[in-house]
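Enquirer: Just need the whole structure built from these sequences, with the hints factored in.
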Amino acid sequence: MAEEGERKAALETVQADGTDGNCVTFVLHDEDHTLGNSLRYMVMKNPDVEFCGYCITHPSESKINFRIQTRGTLPAVEPFRKGLNDLMGVCQHVLNTFERSMKEYRAQREEEMQ
Amino acid sequence: MAAKRGTDEMRDRVVLGEFGVRNVHTTDFPGNYPGYEDAWDQRRFEEAFRVDIIREEEGALEFDMVGIDAAIANAFRRILLAEVPTMAVEKVFVYNNTSIVQDEILAHRLGLIPIRADPRLFEYRNQGDEEGTEIDTLQFQLKIKCSRNPQAAKESSDPNELYFNHKVYSKHMTWVPLGNQTELFPDADFRPVHDDILIALLRPGQEIDVLMHCVKGIGKDHAKFSPVATASYRLLPDITLLQPVEDEAAEVLQKCFSPGVIEIQNIKGKKVARVANARLDTFSREVFRHEGLKNLVRLARVRNHYIFSVESTGILPPDVLVSEAIKILMGKCQRFLNELDSVPTE
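One line per chain: the protein sequences are A and B, in this order.
Here the first sequence is numbered in this note's numbering, starting from 1 and rising by one per residue.
Here the second sequence is numbered in this note's numbering, starting from 1 and rising by one per residue.
There's no promise every hint is true.
[Stated by the list, open to error] Derived SDA-like pairs: lysine to any residue, alpha-carbon spacing no greater than 20 Å straight-line:
1. B:K91 / B:Q139
2. B:K224 / B:L293
3. A:K103 / B:K255
4. B:K91 / B:K171
5. B:K220 / A:K82
6. A:K63 / A:V14
7. B:K255 / B:A223
8. B:K143 / B:H172
9. B:K171 / B:I105
10. B:K220 / A:V14
11. B:K220 / A:H33
12. B:K255 / B:G292
13. A:K82 / B:V343
14. A:K82 / B:I68
15. B:K220 / A:P59
16. A:K63 / B:N338
17. B:K145 / B:E207
18. B:K143 / B:L112
19. A:K63 / B:A71
20. A:K63 / B:L340
21. B:K270 / B:A249
22. B:K91 / B:L112
23. B:K4 / B:F19
24. A:K103 / B:F19
25. A:K82 / A:A10
26. A:K82 / B:R43
27. B:K327 / A:R81
28. A:K63 / B:A82
29. B:K327 / A:H93
[As the list claims (entries may be wrong)] Listed next, with one range per pair, are the computed distances between beta-carbon atoms:
30. B:G314 / A:Q108: 21 to 27 Å
31. B:I135 / A:K103: 27 to 33 Å
32. B:R55 / A:T19: 49 to 55 Å
33. A:E112 / B:N126: 46 to 52 Å
34. A:S62 / B:R43: 33 to 39 Å
Hints are computed from structural coordinates only; laboratory data are not their basis.
Even glycine gets a Cβ: it sits at the ideal position worked out from N, Cα and C.
Expert: So this is what it looks like as structure tokens:
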């Protein structure tokens, strides 16, 4: 039983005929506002992006349409990739800062107890 | 100068007016404000970002995240509520239930009991797997029978005296190790977080004999898997007095806000109001009901200062929950980066 064809793709791209990769709609499966809104924010912070938005096509289906339109001839995959990488960078920094603050807070409380 | 102050207010305050809220959306994207550097700069973000832990108690954590946007703070909140996994009772095998509580009600109640088991030690159950293996299932047994107390006094009507085991608590749930779980988890003590959760009431002759399977799941699937009692945030309040407020007006102003927000100082014999600690306010907007005061105060919130409050149900400590939530968001990004790299671009 061949099962390779049945792996559900988490990411699809839809592009109108005739355009050359500047404006692409990414369909992200099993996602909602959690990733959609935060990724939209990171992509909008990119000065090469002319338009970025996301929508949830139907509340019963857990997928989002994420559209990026770039200025000039930059392929739309590039800001998408950069947005994902930037968001990972933000999360990493938040995690490090939070853990460091917890350690300092606990150390300070230990000192006060003694 | 005034124009710059206006745009600064538009950029970093959410203003609460008498009839509506202004400047709600984030507008600091590149190109919106000439003269401002709004493109994403990791170094600028790291310089401005900080986390202050305010209070850590048994199971509750209050901390501030400063310098981050609403979209990302909300993503953390949503993940804390719905996507941090925990273990909870999913399947209940009823061998004998002669109590007054119906099977399905009993099973529903058992599912809602928080189980003290670190979900990071377990895997998700494979789809379609009915039996469960030792790496994805925890088994609990609840076997209890109510009987009459022969030593009870003749006229007593207190059930505590008359019957044995008439109240079924969560402490009666015992862990039944599967397979090699005793070697995998030698020091583990898997039990419900609270011992005194009342599950059912029995009378003599009634008994409950059930076997439960706990699996790993997330809150999106069923709320019983949510690891937080609640996780919420609010923005830091910012109260500014546009003109000096004195004497009786100062007294009235102090009463309009939560206690501790406005303090009255005695300057040269006159009572002058001053904003002492805006953080304590709950913004009831009482000021707007006083004609003389409503134009003297500006109520606003600082757009990028989030006061988080995370209360855990006891399964994992709240700081671990926050760390796990951040890691889950990273995992989502990584998943799509991998997808991008694996699919050849057309």
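Enquirer: Now tell me if each hint is right for this structure.
Expert: Hints versus structure:
The hinted pair formed by K91 (chain B) and Q139 (chain B) meets the criterion: a straight-line CA distance of about 10 Å does not exceed 20 Å. A hinted pair counts as satisfied when its Cα atoms are at most 20 Å apart, and K224 (chain B) with L293 (chain B) does not qualify at roughly 48 Å. For the suggested pair K103 (chain A) and K255 (chain B), the alpha carbons sit about 39 Å apart, so the restraint of at most 20 Å is broken. Taking the CA atoms of K91 (chain B) and K171 (chain B), the gap is near 19 Å; set against the 20 Å cutoff, the hint holds.
For the hint pairing K220 (chain B) with K82 (chain A), the CA-to-CA distance comes to about 28 Å; that exceeds 20 Å, so the pair is violated. At most 20 Å may separate the alpha-carbon atoms for a hinted pair to count; K63 (chain A) and V14 (chain A) meet this at roughly 14 Å. Of the supplied pair hints, the one linking K255 (chain B) and A223 (chain B) is violated, its CA atoms being roughly 40 Å apart against a limit of 20 Å. Taken as a hint, the K143 (chain B) and H172 (chain B) pair is honoured in the structure, with Cα atoms around 8 Å apart against an allowance of 20 Å.
Simply put, K171 (chain B) and I105 (chain B) have alpha-carbon atoms about 19 Å apart, close enough for the 20 Å limit, and the pair holds. Simply put, K220 (chain B) and V14 (chain A) have alpha-carbon atoms about 28 Å apart, too far for the 20 Å limit, and the pair is violated. Of the pairs offered as hints, the one joining K220 (chain B) and H33 (chain A) holds, with about 13 Å between alpha carbons and a cut-off of 20 Å not exceeded. Between K255 (chain B) and G292 (chain B) the alpha-carbon distance is near 14 Å, which keeps this suggested pair within the 20 Å criterion.
Note on K82 (chain A) and V343 (chain B): the hinted pairing holds, with a Cα-Cα distance of about 17 Å set against a maximum of 20 Å. Only pairs whose Cα atoms come within 20 Å are accepted, and K82 (chain A) paired with I68 (chain B) is accepted, the gap being roughly 18 Å. Restraint check for K220 (chain B) and P59 (chain A): satisfied, since their Cα atoms lie roughly 14 Å apart, inside the 20 Å limit. Only pairs whose Cα atoms come within 20 Å are accepted, and K63 (chain A) paired with N338 (chain B) is accepted, the gap being roughly 18 Å.
Note on K145 (chain B) and E207 (chain B): the hinted pairing holds, with a Cα-Cα distance of about 4 Å set against a maximum of 20 Å. Between K143 (chain B) and L112 (chain B) the alpha-carbon distance is near 18 Å, which keeps this suggested pair within the 20 Å criterion. Straight-line distance between C-alpha atoms of K63 (chain A) and A71 (chain B) comes to about 18 Å, which keeps the hinted pair within the 20 Å bound. Using a Cα cut-off of 20 Å, the hinted pair K63 (chain A) and L340 (chain B) holds, with the two alpha carbons roughly 17 Å apart.
Taken as a hint, the K270 (chain B) and A249 (chain B) pair is honoured in the structure, with Cα atoms around 12 Å apart against an allowance of 20 Å. The hinted pair formed by K91 (chain B) and L112 (chain B) meets the criterion: a straight-line CA distance of about 12 Å does not exceed 20 Å. A distance of roughly 25 Å separates the Cα atoms of K4 (chain B) and F19 (chain B); the hinted pair therefore is violated under the 20 Å criterion. Restraint check for K103 (chain A) and F19 (chain B): not satisfied, since their Cα atoms lie roughly 44 Å apart, outside the 20 Å limit.
Of the pairs offered as hints, the one joining K82 (chain A) and A10 (chain A) holds, with about 18 Å between alpha carbons and a cut-off of 20 Å not exceeded. For the hint linking K82 (chain A) to R43 (chain B), the alpha-carbon distance of about 16 Å falls within 20 Å, and the restraint holds. Distance hint between K327 (chain B) and R81 (chain A) is fulfilled; the C-alpha atoms sit about 19 Å from each other, no more than 20 Å. For a cut-off of 20 Å, the pair hint linking K63 (chain A) to A82 (chain B) stands: about 16 Å separates their Cα positions.
Using a Cα cut-off of 20 Å, the hinted pair K327 (chain B) and H93 (chain A) holds, with the two alpha carbons roughly 11 Å apart. Taking 21 to 27 Å as the suggested C-beta distance range, the pair G314 (chain B) and Q108 (chain A) conforms, at roughly 25 Å. The given range of 27 to 33 Å is respected by I135 (chain B) and K103 (chain A), whose C-beta atoms sit roughly 32 Å from each other. Distance hint check: the CB atoms of R55 (chain B) and T19 (chain A) are about 53 Å apart, consistent with the given range 49 to 55 Å.
Range check, E112 (chain A) to N126 (chain B): Cβ separation about 49 Å, and the 46 to 52 Å hint holds. With their beta carbons about 36 Å apart, S62 (chain A) and R43 (chain B) fall inside the hinted range of 33 to 39 Å.
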